[in-house]
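J.: Put the complex together from the two separate chains, hints included.
Same order as they appear, the protein sequences are chains W and A.
Last residue of the first sequence: number 277 in the working numbering, and the count goes up by one each step with no gaps.
Last residue of the second sequence: number 533 in the working numbering, and the count goes up by one each step with no gaps.
By construction, these hints were calculated from the structure, which means they are not laboratory data.
Any given hint could be a false lead.
To be clear about the criterion: a stretch of chain W counts as covered by chain A if any three or more of its residues have a C-beta under 8 angstroms from a C-beta of chain A, and this derived list gives those stretches [to be verified]:
1. 66-77
2. 261-272
Subject to a maximum C-alpha distance of 27 angstroms in a straight line, what follows is the list of computed DSSO-like cross-link-like pairs (lysine-lysine) [said to hold, decoys possible]:
3. Lys31(A) / Lys66(W)
4. Lys34(A) / Lys66(W)
5. Lys62(A) / Lys52(A)
6. Lys161(W) / Lys31(A)
7. Lys34(A) / Lys161(W)
Beta carbons are placed, not taken as given, at the ideal position from N, Cα and C, and that holds for glycine.
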Amino acid sequence: MTDNRKRNGVTAFLETFGTRVFRMVEDLGNLFVFLLQCLTWMFRPPSEIRNIVKQMEEVGVNSLPVVLVTATFTGMVLALQSWSGFQRFQATSFVGTVVALSITRELGPVFAGLMVSGRVGASMAAELGTMKVTEQIDALVTLATNPVKYLVVPRVVASTLVLPVLVVFADLVGVLGGYFVSVYLLGANPYVYADKTYQYLEFRDIYTGLVKAAVFGFLIALISCYNGFIAQGGAEGVGRATTKAVVASSMTVLVSDYFMTSYMF
Amino acid sequence: MSKEAKVGIFVLLGIVVLTYFTFKVSKLGGIGEKGYNLTVDFETAAGLEPKANVKMAGVPVGKVEAIRLVGNNARLVLRIQEGVQIPIDSVASIQTQGLLGEKYVEILPGKDTSRMLPAGGRVANTIPPANLDEIIRKVSLISEDLRKFTQTLASTLGTEEGRKAVSDILRNVQETTEVLRTVVAGNEERLNRILANVDTLSGDLRDISSANKEDLRATIANLRAFSETLKTEGPGLARKLEEMSEQVSGAIGENRGNIRESIENLKNASAKLDNTLESASRVLARIDRGEGTLGKLVTDNTTVTSLNDTLDGINRFVRKTDALKTFLDYRLEYQTEPSEFKHYANLRLQPSADKYYLIGIVDDPRGKFDSTETITTTTPGGTVRTQQESFSNDLKFTAMVAKRFSALTIRGGVMESTGGVGLDYHLMKDRMSIGVDAFDFARKDQPPHLKVFGNYDIVKNFFITGGVDDVLNDEANLRTLFFGFGIKFADEDLKTVLGAVPIRP
Chain W
13 MTDNRKRNGV TAFLETFGTR VFRMVEDLGN LFVFLLQCLT WMFRPPSEIR NIVKQMEEVG
73 VNSLPVVLVT ATFTGMVLAL QSWSGFQRFQ ATSFVGTVVA LSITRELGPV FAGLMVSGRV
133 GASMAAELGT MKVTEQIDAL VTLATNPVKY LVVPRVVAST LVLPVLVVFA DLVGVLGGYF
193 VSVYLLGANP YVYADKTYQY LEFRDIYTGL VKAAVFGFLI ALISCYNGFI AQGGAEGVGR
253 ATTKAVVASS MTVLVSDYFM TSYMF
Chain A
29 MSKEAKVGIF VLLGIVVLTY FTFKVSKLGG IGEKGYNLTV DFETAAGLEP KANVKMAGVP
89 VGKVEAIRLV GNNARLVLRI QEGVQIPIDS VASIQTQGLL GEKYVEILPG KDTSRMLPAG
149 GRVANTIPPA NLDEIIRKVS LISEDLRKFT QTLASTLGTE EGRKAVSDIL RNVQETTEVL
209 RTVVAGNEER LNRILANVDT LSGDLRDISS ANKEDLRATI ANLRAFSETL KTEGPGLARK
269 LEEMSEQVSG AIGENRGNIR ESIENLKNAS AKLDNTLESA SRVLARIDRG EGTLGKLVTD
329 NTTVTSLNDT LDGINRFVRK TDALKTFLDY RLEYQTEPSE FKHYANLRLQ PSADKYYLIG
389 IVDDPRGKFD STETITTTTP GGTVRTQQES FSNDLKFTAM VAKRFSALTI RGGVMESTGG
449 VGLDYHLMKD RMSIGVDAFD FARKDQPPHL KVFGNYDIVK NFFITGGVDD VLNDEANLRT
509 LFFGFGIKFA DEDLKTVLGA VPIRP
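Chain A with its partners taken away, still in its complex shape (with noise of 0.2 angstroms):
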């Protein structure tokens, strides 16, 4: 085969196969496209797409050639087949194939079929959409009270006992069934009387009503005898009624003046009644028109933007009442040099998540310093000076403010009746913390007094505490190891403290 040729074969069935991939896409919504427009506006079209089918009675009639949006709604625009007819009161709606396959555009077929929908019409009436999600929960919501029932009777039938008491309902039924049969079998002759019985009063009731007809036209013709009557006496009774009526007449021709008297009563005491209502109406004119203290209350905004603003006040106030926490603490710590006991009772009020006050008092066993100085003379002629230091427990006081920063709380104020501050970082949600006390920095000769501690909750009201205390100081026997143990309610476990004390002995 020469070059040309295979050249030529190569390039000619390259046409071939494009020529029959573009009748194949043209055929489908391409160019040249046979068939006319319609148009189809739905709520939504959420999950269709162009070119989408259109079938009418299942029948693919067409496709989607474009979605718009017009206003609120999704315009669809139908391309459908040359040759189909849809009815002018067809009903448009999207469907699914199947439950999560592609959706495409039903037609109802209408019932006019005289009048059909013309080229580039619109298919007025639709159903919106069905929302698949809400289907699929109502779904389940029944699935799940099916399961329910189910399991119900499962649990029912399904035991040995459940099998058992079916069982024995059937047995009862097939014995009621039996002893029915047995009666109906024995007294056969019986029921065949009570029913020949009941023919024969039948019988009896329809010879009763036809005996009776000669009755029945008697009463008739009385009552046709007596509006007879009543006809022919008709002119004397109206003469009746008109003297009746004539006597009436002159009674009240005998009482005109007392029946005239009685009006005019009635007429003053009608515009009595009518000044009343006036001043009344100019009241409520007034108050309308919001004058008087009356008025202002009522028309004026100010007052129901205050009571609003008063109402709003007292809720802001329960509310943070409501938020305030309440903490009271007790701790002893026990000092191994010198070996002394130190005790802290603190209040502690915490009005949001990330600040309290704390008010407290420390009993400490170094509370007070004192240093007396004897000088002894000697005998020959030489002083001895002796010092004595001691320290004597005191009471002092705490009154710190505290403001947190996620793990950090920041703390300072009065500490032990001098001016401190604080640290303490808070570990494991909070149960436990680590922290340091700096205070007393005035103090002579000294170097302020530095405490680090720690503390662990091992149960919600209890803790155990343990740290260095007065760290900085040298001399040896004022820095101490201490530990120690602490009770603490929070206000939930006051209450129900309180709640449980007797108010009255």
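Same shape as in the complex, but just chain W (with noise of 0.2 angstroms):
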């Protein structure tokens, strides 16, 4: 008796857990053909540029004063940070490199592409989620529409485009925040301080950091779009679309971020 209930238990946990990984595994397998389709339907014609822009206003324009505010605040708490470390051995007048470094390589890319997954991801999902929940996506297939053409593609190329351009902003806000804190708060000389931050700058530093916030751009919106198709079960089920996009997008960026950093070291 008890040894069948505990084979039971042992069973049902099983089961769960097995059930939990097959799911995760489909799902990584819809995402995957989800990602093949986007693909084939970006490169026929007719183009969506219409679409594409639009989108593109959606994404980076409209999102520019969140990444600006975040970037300018990153690169000032980085230049407070770093100079309280440094002058603990005299190095103050680096904090300006260590700023510029960190803004364009690491910090810049990885904060645009978290606030971007948070607004842009969250409204996509949401967007999408509800007209998959109310079959407007049904509709649009009885019109004729592909419906990965036409919602999917214009978003994934949009922040592909977009994000590269905002992480620009961000750099260069991010430096002069760094710049304004050591200069006019903690009294550095400016022109040490931009002396240094363009020392030993490369221009390898920039790009790589926007190749980053390209690659964040396109999974983030696939992410986000992937969860919105899937939405099910009315106004319930698109909040929890919406939930996961943002979390797996971020979670995407972080964890992409630190491969496609090594592999450009």
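T.: This is how it looks when you write it as structure tokens:
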């Protein structure tokens, strides 16, 4: 009797666990299929230029304030922190170098990516999820319009193109934020600071950041759209899809960031 | 504004910023850089990073492009700006901006301005970079000296006394100069006279020398006359010399025989000397080849080795005896039941910190066990047996080997004239120890003798002890509490004590 129950317990556990794993694998497979569809439709005429521009405005122009504020304060806090560290061994003249390298190589792309995945990823998942549960997507199919082509491709293309631009702005204001804090609050020599900012910075540092940003843009849009597309179960389902989209795209940004950095190091 | 316009402005601005960055960055060490390369080797490029500045007369003229290891040296590739010419005999050195700032390469321009280093050339002269640690060490030494000096100065001058002394000195100086002034003022006339005298004296001197000009001229004329005489008399002198030498040769001719004999003798003597030297060299050669005892002694390496071994052995022995420590201790234990005293005297030889040998004498009140049985016959044909048991003092011997493992010492050997083992556990940096002795395993009708005890050193040479003796014995009057004290001496103490004892009465 007890033996039986115990075995049932174990079986149940294995069952739940297995189901979870299986669902994850299935999810991954679906995402991959979705990716392939997206890629195929991306290069099929007619191109959705108007749609792409619309999405570029949404993802790029409208995200700019958020990204700028984030990057400015990141640069400022970075200057403050590295100042307090470098002061301990009289190397405060290198704060500019550290701020510039950190912002362009790492923090600019990552913070821009996280902001976009929070702001735009959520809105994409919610929009497409609502369309899915209200069967508007099915309606599109009946109108002989491919939903991937019409809804997903413009978003993916737009965010891939626009994120590097956002990061360029983030780099600029991040460096300026660090400059502001160091020069006006901590009393660094402005000439030395500016000199050190550019002395050790290489073009490579900037463009690796931009490449990362493009990849982040692609992944964020893809994952968010996918989560919207598989939403089901009314308003609650849409909410779930939104949460999943934001969590998954943020995590993807950070994880892929590591791998890309180690590859382009 | 249309969406398209917004996006257009957005992207355009992005491109502008990126372009700005690109120019800013590539101007300093990116792509398409102008200028030419020079190399320079340093013993160490410690602290120098690529892109560090290259300065000439303090003006930045380029960057360090690369730092490579070539052989044992650091080779720097310097990127020098276009239009900057560096003389071929310039000297490069690694300098530090401030005391702890970043490093840069300083080029001291050479004098040979007619020849300049070509692109790809090498700056041959370098000054090895100063070691900052070394400098700091020296500076701190100097400052220490300086501190001492100023301290001394402060302690001399800073005190009331010192201040007074200084002001005294100043006052003295003032007085002296005052006196001097009055002296000078009062004797102005005399001084003037003295100066006038000096003046006339020098005038006289001049007169004397000018007056004697004639005499000098006469002396020189005499010298000339003498040399002329010598010239005219020369042939006569030569003839006389010739005659003299003829006489000498005549004398030699008369004694020719004698001289020849002398030479002969000399020749014989030198031949003998030759022989002697030859045999000496033969002997030395033999010695050199290692023949004969002396030769063996001199040439055989084993002699040296064995001599070394012997010396080593002596060294080892001396060291060992040096390491050997000796302890003497005496201990008195008072046993409560029955009240008796037990004495111990031990000699401990400790060749190394973890090992010792112990030889000792124990005066044990229960050393000897006697039992007498008396049978008395009572009147109605019965017998009464009475057994009398008694202990009496006896001397016993202890001889043990002990080995220590960190805080634990294991002992074993002869314990109070029977086989025994013991354990000691050391506490409080060896000031205290607790231990167990087990011995006399073959006691008749009784369990082995087990003694549990603790020792505590009150001072270095005096300790107290206490515990339970014969723990396993059921017979109540044999199991006994004991406590006591002891004294002990290490060999340093012994040396002192023995040194104080007069050897002769």
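J.: Confirm or reject each hint.
T.: Evaluated hints:
1. 66-77: holds (count 6)
2. 261-272: Coverage by chain A is violated for the region 261-272 of chain W (0 residues, Cβ < 8 angstroms).
3. Lys31(A) / Lys66(W): Judged against 27 angstroms, a Cα distance of about 6 angstroms means the pair holds.
4. Lys34(A) / Lys66(W): holds (10 angstroms)
5. Lys62(A) / Lys52(A): Holds. Lys62(A) to Lys52(A) sits at ~15 angstroms (cutoff 27 angstroms).
6. Lys161(W) / Lys31(A): holds (21 angstroms)
7. Lys34(A) / Lys161(W): Between Lys34(A) and Lys161(W) the Cα gap is close to 24 angstroms, so the pair holds against 27 angstroms.
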